[in-house]
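S.K.: Residues per chain, in single letters:
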Amino acid sequence: MNSHDDSRDFRQGIADIWPAAVACVPIGLVFGALAATKGLSTLEATLMSVLVFAGGAQFAALEIWATPAPVLLLAFSTLLINARHILMGASLAPKLGKVSLPRKLLSMYFMTDEAWALAERRAMTQPISFKYWIAVALMLPFAWVGSTAIGAGLGALVGDPRRLGADFAFTAIFIALIAAFWKGRSTAVIIAAAAITSAIVYRTIGTPWHVLAGALAGIAAAALDPRADESELVEEPAT
Amino acid sequence: MSVDPTTLAAIIAMAVVTYLTRIAGLALPANMKMSPRVKSAFEAIPPAVLVAVIAPTALATGWRESLAAVVCILAATRLPLLGVVGVGVVTIVLLRLIG
Chain A
1 MNSHDDSRDF RQGIADIWPA AVACVPIGLV FGALAATKGL STLEATLMSV LVFAGGAQFA
61 ALEIWATPAP VLLLAFSTLL INARHILMGA SLAPKLGKVS LPRKLLSMYF MTDEAWALAE
121 RRAMTQPISF KYWIAVALML PFAWVGSTAI GAGLGALVGD PRRLGADFAF TAIFIALIAA
181 FWKGRSTAVI IAAAAITSAI VYRTIGTPWH VLAGALAGIA AAALDPRADE SELVEEPAT
Chain B
1 MSVDPTTLAA IIAMAVVTYL TRIAGLALPA NMKMSPRVKS AFEAIPPAVL VAVIAPTALA
61 TGWRESLAAV VCILAATRLP LLGVVGVGVV TIVLLRLIG
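Sequences listed follow chains A and B, in order.
1 is the number of the first residue of the first sequence in my numbering; add one for each residue after it.
1 is the number of the first residue of the second sequence in my numbering; add one for each residue after it.
If you're looking for bench data, these hints aren't it; they were derived computationally from the structure.
Model, not experiment: these values are computed from the prediction.
Treat the hints with care, as some may be off.
To give an idea of the interface, some chain B residues facing chain A are shown, with a C-beta separation under 8 Å as derived from the structure [stated by the list, open to error]:
| hint | residue |
| --- | --- |
| 1 | Arg22 |
| 2 | Phe42 |
| 3 | Ala58 |
| 4 | Gly62 |
| 5 | Ser66 |
| 6 | Leu67 |
| 7 | Ile73 |
| 8 | Val93 |
| 9 | Ile98 |
Ideal Cβ positions, reconstructed from N, Cα and C, are used throughout, including at glycine.
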């Protein structure tokens, strides 16, 4: 394997992730503002964004928030929503190549859907250097934590964040990220299975089960897709 | 500026659980021998996970959100990420204004 120009990888990572970092600011503002309406102090909301650093799980936590906080329920909901990280990490880790275990353990703290999706997309065409991974991983924490603090501080001033459409930014980011993984009809099967299962489970059983159920349905659809054996011949990446 | 002890306990519990999910994947052996089916299952993880997270908003929240999601999908075929977010946010605001 050739050696890479590390500083170029770092700059490329920043160039790839900055739109997602900008886009997550309104989401952080919304999270902070909603947390304030649920009775969390600015410090508590900010602390959650620093320590948990997982938007989907944090929004779900606000949905089931009560005083005093239902610790076990919150932990369980967080586990269900973030169980996808296990699959994400398992998929990404081998692509990070020869990186020391402490560095891997530390950098995985900052793994987000956005950073991970960009790294996976890059891995489709070339190896990922640690510099690239760090660049995409480290931008979002600043945007997320900073905007949470501001949103929580402003709280009531922002009013209903839904009126600004900020709540939909989360969905729009994900749609743009999904588009980057489009590989034709086999992707359509995965998306349909995941979307329908997730929506049905959300309506019948409820959040947070829809994340795990939808993800597993999409993965199962890919494994059962008869095209799986053929695609191997077409998409074998150069290693 | 206060931190309630129970709230702090909840945040720490959430943080520990989340970090464990983030590093658990590292424990799986690298360079596993994978059959084509297992391989395509693994390659399906990114889109499957992302879709599962937003499906309730896109499909089961209301017609405005569903329509805005369709607009985002169309935008995603032409625009970079920030453009898709801009189009999506403007669309949902307009739809909520008229509806």
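S.K.: Would you mind marking each hint as holding or not holding in the structure?
M.R.: Evaluated hints:
The restraint placing B/Arg22 at the interface with chain A holds, with a minimum CB-CB distance near 5 Å, inside the 8 Å limit. Because the beta carbon of B/Phe42 sits about 6 Å from the nearest beta carbon in chain A, less than 8 Å, this interface hint is met. Interface restraint check: B/Ala58 against chain A, minimum CB-CB distance 6 Å, threshold 8 Å, status holds. A distance limit of 8 Å between C-beta atoms decides the matter here; for B/Gly62 the minimum to chain A is near 11 Å, and the interface restraint is violated.
With a cut of 8 Å, the hint placing B/Ser66 at the interface with chain A is violated, because the nearest CB-to-CB distance is about 10 Å. The interface hint given for B/Leu67 is violated, since its Cβ lies 11 Å from the closest Cβ of chain A, which is over the 8 Å cut-off. For B/Ile73, the shortest C-beta to C-beta distance to chain A is roughly 6 Å, which falls under 8 Å, so the interface hint holds. Annotation: B/Val93 was flagged as interfacial toward chain A, and the flag holds, the nearest CB pair being 4 Å apart, inside 8 Å.
Because the closest C-beta pair between B/Ile98 and chain A is about 13 Å apart, greater than 8 Å, the hint is violated.
Hint compliance for this structure: hints 4, 5, 6, 9 are broken, all remaining hints hold.
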